[in-house]
Structure formats: C-alpha cells, structure tokens
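Colleague: Keeping their order, the protein sequence lines are chains A and B.
Note that the first sequence covers residues 1 to 102 in my numbering.
Note that the second sequence covers residues 103 to 283 in my numbering.
FYI, nobody ran anything at the bench for these hints, they're computed from the structure.
Being a predicted model, the structure only gives us computed values, none of them experimental.
No residue lacks a Cβ here, since even glycine has one placed at the ideal position from N, Cα and C.
Some hints could be false.
What the hints assert, rightly or not - Which chain A residues face chain B? A few, computed with CB under 7 Å, are given here:
#	residue
1	S3
2	Y4
3	A29
4	F30
5	P34
6	L52
7	V53
8	H92
9	S93
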Amino acid sequence: MTSYVLFLILLTLPMTVPQAKRHTVDMSAFQFSPQTIVVAVGDTVVWQNHDLVPHTATARDGAWDSGNIPAKRSRMTVVQKKGKQPFVCLYHSNMKGNLVAK
Amino acid sequence: MSVRFKGLALLSLSFAAVACATSPAPEPVKSAGISDAEIAAIVVTANAVDAEMGDLAVARASNADVKQFGKTMATDHRAVNQAAVELVGKLKVTPVESATSQKLRADGDAVKAALSAKSGAEFDHAYMSHEVAYHTAVIAAVDQVLIPGATNAELKATLISVRPAFVAHLQHAEKLLAGLK
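Next up, chain A with everything else stripped away, as it sits in the complex (with noise of 0.2 Å):
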C-alpha cells in the first residue's frame, strides 16, 4: 500500500515541476522585437537574425552575451539568474531591450 501511495506521488510530481519555456526575440530592421521580454530562469531565449548583417544580443553588465549572431541566423541564450537585465547590440549602440527574469 505504501509503495502504491508512493508511486501515485511520484506520478504527480512532474506536474508540479514549472517547464522551461523558449521566446523567441526578433532581430529586424535594427530593433529587438519585442523590446521587453519576461521570463523564469531557466527558460531559453532565441535571438534571431533576420537581419542583413550581423548583430548581438548582450547583457549591458557582461553577464551573458550571444555572441555574434550573422544575418539569417539564430543564437540561445539560458537565462542563469533573476532580476532586470537590459542588453544591447554590442555592434549598433541603438538596439536596445529588456529582459525580466522572475
């Protein structure tokens, strides 16, 4: 009986457990879209390039960056702690965004 409860517990379990989610932030015509992005740690983030040339999505402290992401590509970025973190593009000084981790 005991081990019964146990397996009907365990069962439940990964319902309880958040999934980490995937957003995607556009890259195009020079801006982050969408400029505010709210997240969980442990999500993932997509940065895609759609476009021309190459761009980065980097956290203004030096966190965390993408690294260089050329044109018509896609970059991941894990989000590893909480709090407001905005970023830029390290090459075009006007992309600009937010990202909330709760």
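Take the given structure of chain A and dock chain B to it, following the hints.
Modeller: Coordinates of chain B only, in the frame set by chain A:
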C-alpha cells in the same frame, strides 16, 4: 524637370556634398534616367566605398569607439553587398556602371586619400564627420532615387530592407561625433 531627373540630380549633388567635406568639390553628375542594373552598381559601389573607409578607420582611428564603428561599417556594408550581389545574380541583372557610380568611386578614393593624411583625434573627427554626411546622402538617395527608381520588386524590397541599416549607422555616427572632443 521630371521627378526621376530631379532625383538623380539630387543623388549626384548629395554625394558631391559628401566629397566636399574632405576634398575639392567635384562637378555634379547629371543623368536622365536610371535602370535596375545602374541601381545595382550604385548600391554595390556605395557599400564598397564605406566598407573600405571602415577598414581605414580600423587602421588609423585613435578612439576605441571610432575604431569599433569602422569595424562595424566594414562588416555591415560588406554583408549588404553580399546580399545585393546574390540578389542581382538571382535576378540575372549585371550591374552597369553609370556616371553616378563612377563618381561615387572617385569621390570615395579622394576622401580616403584625404583621411589617410590625418591621424589621431584629427582623423577621428574627420572620419566621423564624413560618415554622418555620407549616410545622410545615402539615405536621401535611397528614399528619393533608388527605391522609387527600382522596377524589379525584389530589388525594391531589398533597398527598403537595408534602409534601417543606414539609419542606424547615421544615428550611431551622430552620437559618436557629438562625443568627440
């Protein structure tokens, strides 16, 4: 004067004004019409000239931000040119030189020669001033001549898609220039 003729005259005068910033004023070139093949050559030349200017800034700039800007110009304008060359290949359009593209090349060479004689803060200021004037002229040309003049839909769409690059470069250049002492 037709709209197209006005546009081409403006294009030539705009680029002449850029050349004036660092070298003697060349005579404005006047053309009576423009084809997709001529537009392709103008786009390729305009990008190549500014990519080379970027290389020069990487080699000669003393300010780290100016040097990085030059590197970005070299990368971005070569990337745009790669896309342009792929497009005209796909469209089976062979770029055709015109008085405007030839003048762009000649003016670019003159500006490069003038900039090559400068160094340090003087180079940084002259290069960034040139970049502001050049991108201002390019945006005017794209808006008033190249996009309205393009007949092929894909060529027109490509010109529209690269415009934000020139605007971003101009804004970046203006900000950098304002910050130079």
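Colleague: When the structure is checked against the list of hints, which entries are broken? Sort them ascending.
Modeller: 1, 2 and 5
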